[in-house]
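Asker: So the chains spell out like this:
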Amino acid sequence: MSEPETRVASPPPAASVKVLSGVWRGLGPIVYALVAGGVLLLLMGRDPIGFYATTIESGLLSQTGLEQSIIRMAPLLLMSAGLIVAFQAGLWNIGGDGQFLIAAAVVAGLGAPLVGVLPYSLALALLCVIGFVAGAAWTIVPSVLKAWYGVNEIITTLMVGFIGIRLANLLIKGPFLSDRSLVPQTDVIPFKYLLPYLPGTRIHLGIVVALAVLAAVHYMQTRTSYGLSLRMLGASPKAAAHAGLDVKRDIVTAFGLSGGLIGLAAAVEVLGVWGYVRADWNPAFGLTLFALVFLARLNVKLVIPLVGFFAVLSIGGHEAARRAGLPNDFLLLLIGLILFFMVFTEWARTKGWTAGMRLRAAGRTSQREAALDE
Amino acid sequence: MSSLLTSEFLAALLSGAVIAGAPLLFAALGETVSEQGGVLNIGLEGMMLFGAYGGFVVAHWTGSSWIGFLAAIVAGLLVALLMVVFCVRMGRDQIVVGIAILLAVEGLTSLLHAAQFGTSYPRLGAVPTVRVPWLADVPVVGPSLFGQPAIVYIGIALVVVVWWVLSRTNPGLHLRAAGWKPAALDNAGVDVLRVRTVAVLVTGALAGLGGGYMAIVVAGVFVPFMTGGMGFIAIVIAMLGRGRPLWVAVGAFLFGIALSSATSLQLAGVNVPTDVVQMLPFVTVILALIIFARQSYLPSALATPYVRGRR
Amino acid sequence: MGEAPAAVELRGISKSFPGVLANDEVSLVVRRGEVHCLLGENGAGKSTLMNVLAGVHRPDEGEIRVAGRRVTIGCPRDAIDLGIGMVHQHSSLIAVFTVLENLLLGRGEGLRLKTGEALAALEEFSALLGVAVDPWVQVGRLSLGEQQQLEIIRALWRGSRVLILDEPTSMLTPKGVEDLQRVLAQLTRQGLAVIFITHKLREAFDIGDRVSVLRRGRLAGTIDEATMRGGTFAELKQMVVELMFPGEAARLARVAEIRGFEGPARRSRRPAAGPPLLELSDVLIPGARGEVGIDEPLSLAVHAGEVVGVAGVDGNGQRPLAEGIAGQRRAAAGDIRLAGTTVRALSIGARQRLGLRYVTDDRLGEGVAPPLSVALNLVSKRIGAPPFWVHGRTKKAAIERHARALVEEYDIMTPTLDTPAGSLSGGTLQKIVVARELSFSPKVVVFNKPTHGLDVKTTAMVRDRIGRLVEGGEAGALVISTDLEELLELCDRVAVLSRGRLMGVVENVPGAEQEIGALMIGGGDE
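So the protein lines, in turn, are chains A, B and C. Every position in the first sequence, counted from 1, becomes a number in the working numbering once 43 is added. Every position in the second sequence, counted from 1, becomes a number in the working numbering once 9 is added. Every position in the third sequence, counted from 1, becomes a number in the working numbering once 25 is added.
The hints are simulated quantities; they were obtained by calculation from the structure and are not laboratory data. Virtual Cβ for every residue (Gly too), placed ideally from N, Cα, C. Any given hint could be a false lead.
For lysine to any residue, the following SDA-like pairs were computed, each having C-alpha atoms within a straight-line distance of at most 25 Å [to be verified]:
1) C:K139 - B:V207
2) A:K281 - C:D387
3) A:K216 - B:L289
4) A:K281 - C:A357
5) C:K420 - A:A259
6) A:K216 - A:N325
7) C:K139 - C:R102
8) A:K291 - C:T194
9) A:K291 - C:G390
10) A:K291 - A:T267
11) C:K262 - C:T194
Per the computed footprint, the stretches of chain B lying under chain C, defined by three or more beta-carbons under 8 Å from a beta-carbon of chain C, are [unchecked claim]:
12) 73-80
13) 186-194
Given only the sequences and the hints, what does the whole structure look like? Please build it.
Answerer: Structure, rendered in C-alpha cells:
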C-alpha cells in the first residue's frame, strides 16, 4: 500500500497565537468542567457561584487558605514529578498511592525514634532518603515484571498499589504502632523536629524542595542523555532497543525514580505537616494527579500552575463542600470531567472543530501532535 | 487449627466464595468480551460502581431486587456509553478515559448519595434464595452452592452463553477478529466500530449487574466507593482467563474464596487482620502474574483505536 | 474476439490526503475476462486507487460503474456486495484463526457459524483452482503462497466478479508465481476481471492482457491488447518507461525496476576480498512465536571489501538472522565474530561500538523514534557518547552540526532539524536510517530489505551508498533482500535462505540467478 506523502507545507502560526492556543488547550477543559459541575450543583439545589466563590476565597484569597494551598502543593508537585518521569518513559505508574503510603508509614514510623538521636538536619535528610527508597522499592515488582516478562504495568502497579495501601496499614498497626495513642497510629515526631518554615510564613520548606526537584527533572529530561533514553523508551520501546539502549535498566530506573519521588512527596508531607501517620489515612492523590499531569501534557512548566489550581480547589473546595452540605468527593467528579473535556477537545481539534484549528496545519499534523503529547 | 476442616467452616467458605465471587464473575465476563474485541476497559470499576448505585436506588424505591438488577444494567450501560463515544468512536486513549470514568463516577455517586440520603445508609431486605432440588441437599456443598439467589444461577448460565457466543457464532468470530486484526474484519465487510460498540455495551451491562449485585445482594446498602477495587480484580481475572469463560469463572470463584476467607476464618476462631485478608487477592494476582507471566497473551489490537485505512 | 463488456469503470477518480494528491482524475476501464495490470512506482497512487474501489477510501470526486451501473462504494461491505474482492498486499487473514474461521469472517447474517457451507465452498473452489488447503489448520502455519490462495478462495466465495491483487508476487517464490499465474488464467476463463498491481515490468507483460501506467496520481496511459500481443519486449518496455518517467528514462536506465528483463547490470567481481570481518559459525537463532527462525546451524562470512547477499522469500528466517547478528536476539548456539572478536554474548550497544551496524527493514517501527526530531534520530545510536554528550550532558550544538552535515550529504528532505521523524515519508526515513548507520566508520553493515518500498531515486541512492561503503576495502556489507535483481546488482556472493536453512552460497557470475532460483525452490515446500 502506498503511504500517502505526509509532509505538510504550511507556515507555522505566529508565536503569540501558538502561546494563546496552548493556554486555551490547558484552560478550556477546566472551564468546561467547572461549568458542567456548576450545572450539577444547580440541579442539586446548591448555588454554584457561591460554591466556587467560597472555594476561591478560602483557598486562595485568605492568608491561611493561601498558605494551606501552597503547603498542599509541595507533595502534589513532587508526586507529579514522579508521574512525569514514568509517563515520559511510557510507563503507566498508576499505583502511586501505594508507593506514597508505604513511604509515609516508613518515614513516620522511623521518624520519631530517629529525630531524637540524630542532629536535626541530618535526621530530616535521612528521612527524606528513606522515603525515597521506600517509594522506589515499592516499584520493583511491577518494573521487573515489565522489564523481563513484558507484563502490562497498568495492572501490576495498581495491584501492588492496593497491596501497599494495606501493608502501610499493617505497618502502622504493627511494628510502628504508638502505645501513647488510643487510635492506631505511629508515634508523633515532635513539632520542633519537623521541616522549618519559610521566613515570615507558616509554609514549610517542602515547596522549595518540590520546585527544586521539578527543575532537576526538567533538566534531566531536556538536557541529559539519560533523559533522552527515557524519552526514546516512551516514544518507541522497539526503537530504543534497536538503538542499543539498555531498555531493562531504563525501565527499572525510571520506575524507581518515579516511585522514589512519590516516596519523597510522602516524606515531605509527613515531615512538613503531620509528624505522624494514622491507620487508614489515604489522601489518594494518585489518580487525580494522573489527570493533572496528563492535562499538562507531561510538561513540567505547565504542571506547576495546574497543581496550584488543584491545591486551591482541594483546600477551598473542602470548605465550600462543608458549607453546601456536600461530600468532598465533588472534586473527584470535577477532575473526571476535566479529563473528559480534555479528551474531547483533543478529538475536536483533530476534526478541525475549534477556532485555533484554522490557524494550524492540516488535520494530520495536529493528530500527530496529539500522539506526541501522549 | 483442626476446626478449619469442620463442615461449618467449609460451608461458610464456599457460600462466601460464591457470594463474593459472583460480582467478579459478571464483571470479568464483561471485561472478557471487551478485551476480546480489543478494548481494554480500565473504566470497569466505574461501571460497577454506577451499577451498584443505580441498582441500589431503584431497588430501594421499588422494593424489588429484580427491577434493581435491571436498573444496575442500565446504569452500567450509561457509563459504557461514555467509553463507546470516547474510545471506540473518537479513538481516544483507553487508559485516560477509563480513569476519567472512574473518577467521575466516584465523585458523582458520592454526591448523589449524599444529596438523597445525607449521612444515613438505608438497608434493603435480604434477597430470597432459590434452592436447587436434590443438589441443595448434598451435605456441606449443597446448601452453600445450591441455595443462592436466582441471579447467581444466571451468572453461571452466562458463562456458558459467553463461551458459546465467542466460539460458535458469527458475532463471536467478529468480536475476536476485532481484537486480533480489526483491519481484516473491516476488509471482510464488517463494521469494526459497531462490533466494538456492542462489546463495550455488553461489558457495561455485565459490570453494572455485578455492581448491582454487590449493593443489592451482598451489602444490602450503598456506600460511596463500595466497589473498592473489585473492578480491577475483574480486569486481572479476565486477562488471566485469556478469553476463556470457564477459566474466568474459575478465577472469580478462587478470588471469591480469598475475599470471603476472612469471615470464614473468624467463624473458625482464627483471627486474621482485615488488612491481610484484603491484601490476599492482590497478592494472589501478583503471584499468578509472576508464575504465568511468560504465558499471558492478549489480543494484539488491545487498547488500539481503529481507524480505517491507517496502518 | 470483440471487446468484452466492462466489469468496472472508474471515471475521473480523485483522492487526496492532507498534503498530497494521491489520485488525480483517474479513469480506467477493466473488462470481464482480462488481467489488467496496473504499473507504477511506489507512491504513484496504485494502491490508493484500488482502495477506493474496495471501499477502504472514499473518493473525493469521480464516479464508479460496476457492470454498467453507477454505484457508491462507501465501505468494504459495499464493495463486497458489488462483487469486488481485494487481496491486500499485507494479508488480511488472521493468523491465530483457522482457515475455516478466516473463510467465515463476514459471511452470513445469522447467529450460528455456517461451517458446513464454508467447508463445501472451500472444497469447490480448491478444486477449481487446483490447490489443497486444510480447513482446520491455523492460518499462521500456512506458507505465504497458500495464504494468498486462501484469500482468493475467500474472495471467490463472496461472489467476487472483480478480483484486485495488490503486489501479489512480492512474497512468492518463482514457483509460487507460476502457480498464481495458472490460477489467474483459470479465473479469467470463468469471466472474472482481474486487476493486478505490480511495479515489475516483466511480470506485467507476462501476466497482463492490458497494462495501465500510473504516474504521480494520474493515469499516464494504457497499452491495449493488440499492442501487447504484437510488440516485442523491448518496444513495450520503451513505451512503459516513457510513460513512467517521461524525459528521465535515459538517466534512470540503471535502476532495476526499469531495467526489467534486460538482465541486471552485473557488478564486476572484486579481485580479492580482504580478511573476514563478520563470521557466523554454526549459528542457531530461534524464531518468535509462529515465525521461522534460523533453525539449522548456519555459517557465513563477510570479508572486508565484499558485499554478501542473502536471498529468499520473506519470512524464511531473514529477520531472525539480521536481529541475531545485530544483537536484538540471542543466538541459541554457535559463534558470531566481528573482526575476530566474539560478540555472541555482547549487547546491541556493545556490538555497535565495535563497528557493527544494522539497517532495519522496520523503519517506522524501530528504525526511528517517530515523535523525536530528525536531529535526535540521527544520533540515537550514540546516546551518551561524545561529542554529542559529555558526562551525560547534551551538547545541542554538536548534535545539530552533525545532523545538518548528514542532511546535506544524504539529501534528507526535512523542513527543519526539529521536525518529528514520524511525519516524514518512508524514503526520507530510510535516508535518515542509512545516514545514521553509515557514519562513524562502520566495519560491517547488515542491510535488511534496504530499498523495500522506496521510490526509484532513493533506491538508486541507497544502492550507491552500499557500493561506496565497501569500495575502500575497509568495510563489508550483508544485504538481505527479497529482490533478486537487487542482489545480483550489488553482491559478490549470494547466500540463499529457505525455511530457516542456508541452502548454499552462489558466486555472482552470469547464470547465478538460475542457480539461486533452484536453491530457493529446493528448500520450500510450495
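Asker: Determine for every hint whether it applies to the structure shown.
Answerer: To see whether the hints hold, each was checked on the structure:
1. Simply put, K139 (chain C) and V207 (chain B) have alpha-carbon atoms about 22 Å apart, close enough for the 25 Å limit, and the pair holds.
2. For the hint pairing K281 (chain A) with D387 (chain C), the CA-to-CA distance comes to about 10 Å; that is within 25 Å, so the pair holds.
3. Taking the CA atoms of K216 (chain A) and L289 (chain B), the gap is about 17 Å. The hint holds against a cut of 25 Å.
4. Simply put, K281 (chain A) and A357 (chain C) have alpha-carbon atoms about 21 Å apart, close enough for the 25 Å limit, and the pair holds.
5. Proposed proximity of K420 (chain C) and A259 (chain A) is supported: the alpha carbons are some 18 Å apart, at most 25 Å.
6. Of the supplied pair hints, the one linking K216 (chain A) and N325 (chain A) holds, its CA atoms being roughly 15 Å apart against a limit of 25 Å.
7. A hinted pair counts as satisfied when its Cα atoms are at most 25 Å apart, and K139 (chain C) with R102 (chain C) qualifies at roughly 19 Å.
8. Proximity of K291 (chain A) to T194 (chain C) is assessed by CA-CA distance (about 40 Å); at most 25 Å being required, the pair is judged violated.
9. Between the alpha carbons of K291 (chain A) and G390 (chain C) the distance comes to roughly 19 Å, so the proposed pair stays at or under 25 Å and holds.
10. Using a Cα cut-off of 25 Å, the hinted pair K291 (chain A) and T267 (chain A) holds, with the two alpha carbons roughly 19 Å apart.
11. Between K262 (chain C) and T194 (chain C), the direct Cα distance comes to roughly 20 Å. Compliance with the 25 Å bound is thereby established for this hinted pair.
12. With a threshold of 8 Å between beta carbons, the proposed coverage of the segment 73-80 of chain B by chain C is violated, since 0 of its residues qualify and at least three are required.
13. Using a Cβ-Cβ cut-off of 8 Å, 6 residues of the segment 186-194 of chain B lie near chain C, which meets the minimum of three, so the contact claim holds.
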